[in-house]
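Which chain is which? The protein sequence lines are A and B, in order. Residue 100 in the numbering used here sits at position 100 of the first sequence; the count goes up by one each step and never skips. Remember, the numbering used here sits 1000 above the position in the second sequence when you count from 1.
Derived from the structure by calculation, the hints contain no laboratory data. None of these values were measured; they are calculated from a predicted model. Just so you know, even glycine gets a beta-carbon here, dropped at the ideal spot from N, CA and C. Check the hints yourself; a few may be wrong.
Here chain B is said to cover these stretches of chain A; the calculated rule only asks that three of the stretch's residues, wherever they fall, bring their Cβ under 8 angstroms from a Cβ of chain B [said to hold, decoys possible]:
no.	stretch
1	13-20
2	117-128
3	261-267
Label pairs and their computed distance ranges (CB to CB) [to be verified]:
no.	chain 1	residue 1	chain 2	residue 2	range
4	A	89	B	1064	43 to 49 angstroms
5	A	116	B	1125	36 to 42 angstroms
6	B	1409	A	116	37 to 43 angstroms
7	B	1169	A	65	38 to 44 angstroms
8	A	249	B	1229	32 to 38 angstroms
9	B	1272	A	245	41 to 47 angstroms
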Amino acid sequence: MDFMVFQYPMITVQACLDGILLGILFALIAYGMALQWGVMNIINIAQGDLVILGGYIAYFMYLYGIHPAWGVIVAPVIMYFLGVLIYKLVINKVVDRDLFISILATFGISILFMQLMNFAFGADVVLANSDYGTTMLFNNNVVLPNSKLFSAFISILFAICLVIYMKKSKLGRAIRATAQNARAAKILGVDTEKVYAATFGINAALCGVAGALISITFTIHPYMGLPYTIRSFMIVIVAGLGNLPGVAMSGMGLGVFEEFADYILGTEFRIGSVFLLLVLILVYRRFKLSRKREYLK
Amino acid sequence: MRSNKIILSFVSALVILFSTSVASFAKVVGDKIILGAAISLTGKYSSNGVHTQNGYNMAVDRINSMGGVKVGGKTYKFDIIYYDDESNPKRAAQLAERLISQDGVEFMLGPYSSGLTKAIAPVTEKYGVPMVEANGASRSLFTKGYKYLFAVLAPANLYLDVAIDLAVEKNNGKPVTVAMAFEQDAFSQDVRLGVLDAIKRTGSKKVIDDKLPKELNDMAATLVKVKQMKPDVLVVSGHTKGALTAIRQIAEMKVDVPMLAMTHCDAAKLSKQHGKNSQYALCASQWHKTLTYKDNFFKDGMTYAADFEKEFGYDPPYQSAESSAALLVFKDAFERANSFDQKKVRDALAATNMQTFYGNIKFAPGGQNVDKPMVLFQVMCDDSGKCENKVVAPTKWASAKLIHPVPKWSER
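Sequences and hints are given; from them, build the entire structure.
And the structure:
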């Protein structure tokens, strides 16, 4: 245990800012998960692997001399079509089934993606350099890499666009209608099959954006997807489905929690503390539910 | 019906018996000495697994084309049976078992990484199969009393203690403060033990001792502490991702530290991925092509590097060089033993005392190579942004002078 983070106010500020910037990025991934969970009742274990794949798209652009920041535009386009393809091949066969079946199916997709990425891109850890420089605050005591600021900004931008799209567009309304009641929507003429495919595509596209940002800010590796799946899963169960401000808040909360756990318990417990928090929240929710005698939808 | 069944089982029993009895002669078939190796061709170690395999293949071709191995007046050629262990220790142990008991292999080459070597060593030991390994440096491999394990590389605890000595030397012999960040795996923790020994020996002080997780891609917290504590040396060991993450975030966060020492810079292709940001980083390496060791097969490091590049299209990392050296050791041992008896070969291996292009090789009773020091190189870039790794320690092999302390970010 090391409480240095509280001894120096500047380190506390640094930890909070790092956590919030990181959390915004997590929230973007979690929003995609919440969307498809709400609409299709599918928990996508392959979420993190889609993120990593998006990262590789940005990385390859970087390799060919294109600035990786363009990845936030190219990656979602490619990932959208890939998402639709995955839906047509696998997800549409499990969408009406038990939640357990869809978890198994996406778990399978996750393993497949990991191995395919490893096969295609190699097991090396890679990253894309943005050369964005650094912002110094408070007399150089707090440093914020511009790449992190850029990621947070792009994440917020995409989230806002998506919210507007969901509210205003025809497809957005159809998606929301399907989420509320798929059967009623179908009766009223919504092509739910198309809605499902689009939802899965949008989720994959969001993962693509997040992945491109991660390759600019951190590192990517074929086997690094799972922590992102777990984080977004946790953010969603804390915030609930269809609650975007909640997702944003719990995303940032998780980011700050991780940073503080890193300082206090040590870096080795960083991911571990996320898993522990997940267990605690699940137990707490179960406890609350059993008192209220409700079912988790 | 019944008699049919009996005949069937009799025939299949015969087939099984026949196939196993053929297999058990597989160690030396005709003029071939067959070695076995489980290597990570897929999974998370696949890139270094391939470097290892390329190193083995390069040496096999070279030895075979230069006259092979002479035992008992007859000339033999090397051949290797490879299996893919999928970077999984359990699978590696199964494959070692299979190589020995089904394929009848009587001599083994090591896999990639300390973890996998640890999984295989008990199996080879059980069957008394001599194994020369080139990619397991963990100290714990050499303290178990294994009799059939020989490693051509220096153990992990020697990787970075040179850096602490160097820092003390640059501080006019006075103790220094050290910040450490090590991944939690067998190898990195052994490197850490070596650094701790060096700290104790020199009377230095550790100010940060962070452990990094396997899924590491953010070490901002550690670096903020480094900024606060201002240590003389920062030591990082966390395989490729540790090296890459450290350089990226040190540059982004403008962390000034007089000396930065790491492992796995070669595998991380540090200067290629990070360019000038990686400048001045010190890296521990088992081998560097500019070292002037010599042998009859590969001549020296520079020639080896050129030949390797011609064959495989990239500059050899030390993982390939040490793997090639393992074959040279085997050839030498077979010829001195003048026999294929496992015990005799084992004794000949234990008595090895030779120089290869990779370095001197002489095994301690624990099996580790005690005759080859680690080298430290420093990433140095010219004005055009082209970076090169130059050996700076030990002084005997140095091709450039150490730049110390590392210039501050505000002055770069």
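8 angstroms C-beta test of the stretch 261-267 of chain A against chain B, three or more residues: holds (count 4)
Could you tell me whether the CB distance from residue 89 of chain A to residue 1064 of chain B stays inside 43 to 49 angstroms? holds (48 angstroms)
Honestly, do residue 116 of chain A and residue 1125 of chain B meet the 36 to 42 angstroms range at C-beta? holds (37 angstroms)
A range of 41 to 47 angstroms was offered for this pair. Does it hold for the Cβ distance of residue 1272 of chain B and residue 245 of chain A? Holds: the Cβ-Cβ distance is about 43 angstroms, inside 41 to 47 angstroms.
Counting residues of the stretch 13-20 of chain A whose CB is closer than 8 angstroms to a CB in chain B, do you get three or more? Check passed, 3 qualifying residues.
Measuring from beta carbon to beta carbon, are residue 1409 of chain B and residue 116 of chain A in 37 to 43 angstroms? holds (40 angstroms)
Cβ distance range 38 to 44 angstroms for residue 1169 of chain B and residue 65 of chain A, holds or violated: The hinted range 38 to 44 angstroms holds for residue 1169 of chain B and residue 65 of chain A, with Cβ atoms some 43 angstroms apart.
At a Cβ distance under 8 angstroms, does chain B reach at least three residues of the stretch 117-128 of chain A? holds (count 8)
Could one say that the CB atoms of residue 249 of chain A and residue 1229 of chain B fall in the range 32 to 38 angstroms? Since the Cβ atoms of residue 249 of chain A and residue 1229 of chain B sit about 34 angstroms apart, the hinted range of 32 to 38 angstroms holds.
Hint compliance for this structure: no hint is broken.
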